[in-house]
Amino acid sequence: MRYGEKEVLKGVDLTVRRGEVLALLGPNGAGKTTTIEIMEGFRRRTGGDVSILGEDPDGVDEDWRARVGIVLQSWRDHQRWRVGELLEHFASYYPAPRDPAELLRELGLAEHAGQVCQKLSGGQRRKLDVALGIVGNPELLFLDEPTTGFDPVARREFHEMVERLRDGGMTMVLTTHDLHEAERLADRIAVLVDGRIHANGTPAELADRALAEARVVWDQDGERQTQLTDDPSRLVWELHEKFQGPIPGLQVHRPTLEDIYVRMIRAGEAA
Amino acid sequence: MSRGLTKAFTVGLSRGGLELAQTLRTPREAFSLLSTPLMFVVLSLAIEKDIAGSDVPMSHLLMAGGITTMLVQTGLMTLPQVLATEREDGTLLRLKTVPGGITSYLVGKTVVVLVTALGGALLTLLAGALFAGTDLPRDAAHWLTLTWVLLLGLVAVVPLGAAIGALLPNPREALGFTMIPIFFLMGCSGLFFPVTTLPDGARAVVEVFPVKWIAQGVRSALLPDSALAAETGQSWQHAEILMIVGAWAVVGFLLAPRLLRRMTRRESGSRLKKAEA
Chain A
1 MRYGEKEVLK GVDLTVRRGE VLALLGPNGA GKTTTIEIME GFRRRTGGDV SILGEDPDGV
61 DEDWRARVGI VLQSWRDHQR WRVGELLEHF ASYYPAPRDP AELLRELGLA EHAGQVCQKL
121 SGGQRRKLDV ALGIVGNPEL LFLDEPTTGF DPVARREFHE MVERLRDGGM TMVLTTHDLH
181 EAERLADRIA VLVDGRIHAN GTPAELADRA LAEARVVWDQ DGERQTQLTD DPSRLVWELH
241 EKFQGPIPGL QVHRPTLEDI YVRMIRAGEA A
Chain B
1 MSRGLTKAFT VGLSRGGLEL AQTLRTPREA FSLLSTPLMF VVLSLAIEKD IAGSDVPMSH
61 LLMAGGITTM LVQTGLMTLP QVLATEREDG TLLRLKTVPG GITSYLVGKT VVVLVTALGG
121 ALLTLLAGAL FAGTDLPRDA AHWLTLTWVL LLGLVAVVPL GAAIGALLPN PREALGFTMI
181 PIFFLMGCSG LFFPVTTLPD GARAVVEVFP VKWIAQGVRS ALLPDSALAA ETGQSWQHAE
241 ILMIVGAWAV VGFLLAPRLL RRMTRRESGS RLKKAEA
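Residue numbers (our numbering), protein chains in the order written: chain A, 1 to 271; chain B, 1 to 277.
Keep in mind that the hints were calculated from the coordinates and are not lab data. Do not rely on the hints blindly, as some may be mistaken.
As the list claims (entries may be wrong) - Below, simulated DSBU-like cross-link-like pairs (lysine-lysine); rule was C-alpha separation at most 35 Å, straight line: (1) 10/A with 96/B; (2) 7/B with 119/A; (3) 7/B with 96/B; (4) 119/A with 96/B.
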């Protein structure tokens, strides 16, 4: 898939099932925003097939728009509007919206309903952005780097809110460069590096993949030995047999998901 | 009209109403709406001479200029600035994410611009009559003239302003690209002093643009014919006004929809982020 002069996305093959949360994980510049903007119908692609809720997002109609919610990064819009007034206004665009007052209560914004948006804190503003994204009762919600620039408390509150939505059965696609966020919120993680999907699976599947590259270290003949193996337990057992007892200086490193992720990013950048 | 379009239109009308209410409840913005009529009342009170070659006080020309200013300022200065600002702060993108959002945005903005411009013009007219001793249109025919001149003027300046707004790279460029040139144009278009005092070359340039003609039309509704001494044509030239201002309206209506479509199509989150960086 080409965008402008530079080929941005080369091999992005993704499927999101209904009720599933997919995290598109990758470093800055990997093509996450490009991918999500193509899915949102905000960007034209130069090749490939995309189908969102059964339609090609390039040239969707208003009915499709009503079924999709979008929470983008860095909103500063509608600063003069009061919180409650803004949410009610945006509810009125949709055929079957949620009750704005109830939504504000749910998100802990009820006490700010009369306040102008300008006066909200960063975290409150982001909650309002989510409220605006879901007030239309969407089947599918896109969140583009939703917690960038958050302090830890705001980040946790935001994660709890997304978890509640997930438990309520909303299908979500979110982008993030934070592995822990992806692990916490997503049913499935797709790792996007340099325009290519390098891994795609449940956090458990990715963790299995992490196991596949365990590093076993031991001392033999006064020298440190290192071996990478997909079956560390078998290697250790073989070493036990060989040494007929304890293995000197034995260490087994099972790389964390994070190690795997960093390795993928480095491999992707080197390629 | 389809059901979706009808809905977008209704939501747009309420959007316009809400935006107007927000302006009125924000003291700084409400004052800035009043500041132009106020400035013209003060100017009119300060100036005591008559229009050269007539017995009509200069204050009448000034208050007519104030009415024109409300129109031109709203359409060609405020509107482009607002469009560029709301493009950059994400308002437009937000509306792109909702069904019928862009239609509703444009309808709402039209309501705001029309009410602000016409309300401001009416306010200036009344303020002049109340505080500066100027006249209201003297009969039904002159009210009619004022009405069509204001409406035609709006139909010319609003699409032009929208087109300029769509072209502005960002709101900070508005000062150089629109504010200063438009202010200069207003200064030379007979709003503050008769165009007849301009050198011929400058006058020819000014006569290409609609501002001079709108102002002349407003004066034709408010000033007695004895003020014609200070006009370029020795008549109010209604036919010329219709033609020239009408031509600009056509230009605006040809340009604005295309440029606005291009502007909204190009809007995306990554563009927004680039603008922020």
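### Query
Quick check: which numbered hints come out false for this structure?
Of the numbered hints, all hold.
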